[in-house]
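Participant: Sequence:
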Amino acid sequence: MRFRAIEKNKGRFLTIMYDINFGKGRLRGKTNLQVPRDCIKTFNPLSLKTTNEFTQAKKLETLGKLNDFELHIETTKADLKSENLNNPLPPLKEAIEIYFGRTKEQESEKTLSLFEFMDYYTEIKKNETTTKNGEVKKITNSTINEYKRLKTLLGEYRDEKKIALNYKTINNKFYNEFSEWLEDYPSKPNTIGKHIKNLKLFMNKAHIEGHHNNLKFKSFKILKEKVDHEYLNESEIEELFNKRSSFPKKYLPKIDYFLLMCYTSLRVADMLTLRKKNIIMDEIPLLEWRESKNSVPVYIRITSKVQTILDFYEGGFPNDLIDVKINRGQSINDVLIRIFKHKKIRNHCGRRSFVNNEIIKGTPYDDIIRTTNHKSRESFNHYVAQSTCKELLKARARREFDK
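Per the working numbering, the sequence shown starts with residue 1, numbered consecutively.
Any given hint could be a false lead.
What the hints assert, rightly or not - Straight line, CA to CA, 27 Å or less: simulated BS3-like cross-link-like pairs of lysine-lysine: (1) K81 x K221; (2) K10 x K24; (3) K125 x K77; (4) K243 x K173; (5) K138 x K205; (6) K77 x K24; (7) K249 x K325; (8) K126 x K137; (9) K218 x K126; (10) K161 x K218; (11) K205 x K148; (12) K216 x K59.
Hints listed in this document are in silico derivations from the structure and should not be mistaken for laboratory results.
Take the sequences, apply the hints, and build the full model.
Facilitator: This is the structure we're talking about:
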């Protein structure tokens, strides 16, 4: 038995073919395995090498699957020989098709279309739980909504372009045209990148479960936009704090939540879940909670400004006191848009304001990261505005002058 790949075939990924000699006949066909072209050392017979993409672990996994298939063939050939058939090749071919799940009955039983698989996988993830640090967690609603949104967009794209959209058509041509379509939707580069990332996830999971063998999606690039994020400096935050009493009663809880994010570095999803029970006293007043992206407990000191806001809500948070709870960041954005007409300030700018103002004050990066609870310096750097370096130098010069 021999494995090979057809060198003249175009494409970045090539299907592994098999050649089987049995008695006086020979069977040729394809397996359900594909490998990147650049990991092939020799095409016939097939010999593989490791690359940055095709790691040693992936190579061993592929060779293991080929060994399993070869063992299955040898066992089947031995059984067929004992039956003394005149032509054992057709039953051997049938056994191979059954092994790879390619009979009509098997395909009708197990194969889900791309859209069916998206529904299937989303439903599974919605009900799936994982255990981390002893705490059972479920996937966030925002992630589930991203999955559903992608399916809606793919459906709109298919209907507008009047094309078939399935596993086979997810190729580089689709990637380029779908990305352009999203850009005209319009969508920002980071949003497009998020949709492509989720599409690759669905395609990869469907491939693992045996619904298709198209690996062209692996070359899709995930777009990211480098932007200079806006934030409020300390003077602007102070001005907003001092104007609290002038805002309408229905706006104030949302403004206070934004101020609390500026003072604590909390994400809006975490901030809106906090209640009075999250305030503890351990020599000093502290906030204690477990953030939405991690189950590790986090502590933040309650400063005088934070305490002033909490006192307004009888020692708790706005959601402890108001009848209609604030549970969406967008409702905070709606108020911020009215207040900051000449600056693009949204709820996530609260956390960003904390980061940049602490840097300008000269707080060591490690101390800031301990407060924000970022898992890497790279993810932390996404919050740092380009103008902060200049402001930091100016602040250092002022501090040196004051000495």
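Participant: Work down the list of hints and note, for each, if the structure agrees.
Facilitator: Results of checking the hints against the structure:
Restraint check for K81 and K221: the C-alpha separation of about 51 Å exceeds 27 Å, so the hint is violated. For the proposed pair K10 and K24, the alpha carbon gap of about 33 Å is over 27 Å, so the pair is violated. Restraint check: the Cα-Cα separation between K125 and K77 comes to about 42 Å, which exceeds 27 Å; the hinted pair is violated. With a C-alpha separation of about 54 Å, the suggested pair K243 and K173 falls outside the 27 Å cut-off, and the hint is violated.
For a cut-off of 27 Å, the pair hint linking K138 to K205 stands: about 19 Å separates their Cα positions. Of the pairs offered as hints, the one joining K77 and K24 holds, with about 13 Å between alpha carbons and a cut-off of 27 Å not exceeded. For the given pair, K249 sits about 14 Å from K325 by alpha-carbon distance, which is consistent with the 27 Å threshold. The suggested pairing of K126 with K137 holds, with an alpha-carbon distance near 11 Å, which does not exceed 27 Å.
Using a Cα cut-off of 27 Å, the hinted pair K218 and K126 holds, with the two alpha carbons roughly 25 Å apart. Taking the CA atoms of K161 and K218, the gap is about 24 Å. The hint holds against a cut of 27 Å. Pair hint K205 plus K148 holds up; C-alpha atoms about 16 Å apart against a cutoff of 27 Å. At roughly 18 Å between alpha-carbon atoms, K216 and K59 fall within 27 Å of each other, so this suggested pair holds.
Of the numbered hints listed earlier, those contradicted by the structure are 1, 2, 3 and 4.
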